[in-house]
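**Q** Sequence:
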Amino acid sequence: MAYIPLQNTDHYCQWITSAGESRTGKPVMLFIHGWGGSARYWQATATALSDQFDCLLYD
Numbered sequence: 021m022a023y024i025p026l027q028n029t030d031h032y033c034q035w036i037t038s039a040g041e042s043r044t045g046k047p048v049m050l051f052i053h054g055w056g057g058s059a060r061y062w063q064a065t066a067t068a069l070s071d072q073f074d075c076l077l078y079d
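Just so we're on the same page, our numbering is the position in the sequence shown counted from 1, plus 20.
Not one of these hints is a red herring.
Label-pair ranges, simulated between beta-carbon atoms:
(1) R60 / A39: 18 to 28 Å
(2) N28 / A68: 31 to 41 Å
(3) D71 / N28: 32 to 42 Å
(4) T67 / I24: 13 to 23 Å
(5) Q27 / Q72: 26 to 36 Å
(6) A39 / T65: 15 to 25 Å
(7) Q72 / N28: 28 to 38 Å
Keep in mind that the hints were calculated from the coordinates and are not lab data.
Since the structure is predicted, the reported quantities are computational estimates derived from the model, not experimental observations.
Every residue gets a Cβ at the ideal spot worked out from N, C-alpha and C, and that includes glycine.
Hey, can you work out the whole structure from these sequences and the hints?
**A** So this is what it looks like as structure tokens:
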């Protein structure tokens, strides 16, 4: 679990990669949910794509 500071507010983000939560150097795919959603919505999809991409789930 990590946070990115943007405009004095911490925003949650999570890396899902073939190495766990560490970047591997593969192309990055960014997942953004809609209003009222959560980064957890994309976890299964990101896990399935993690062999090809370093996936960043962002709240």
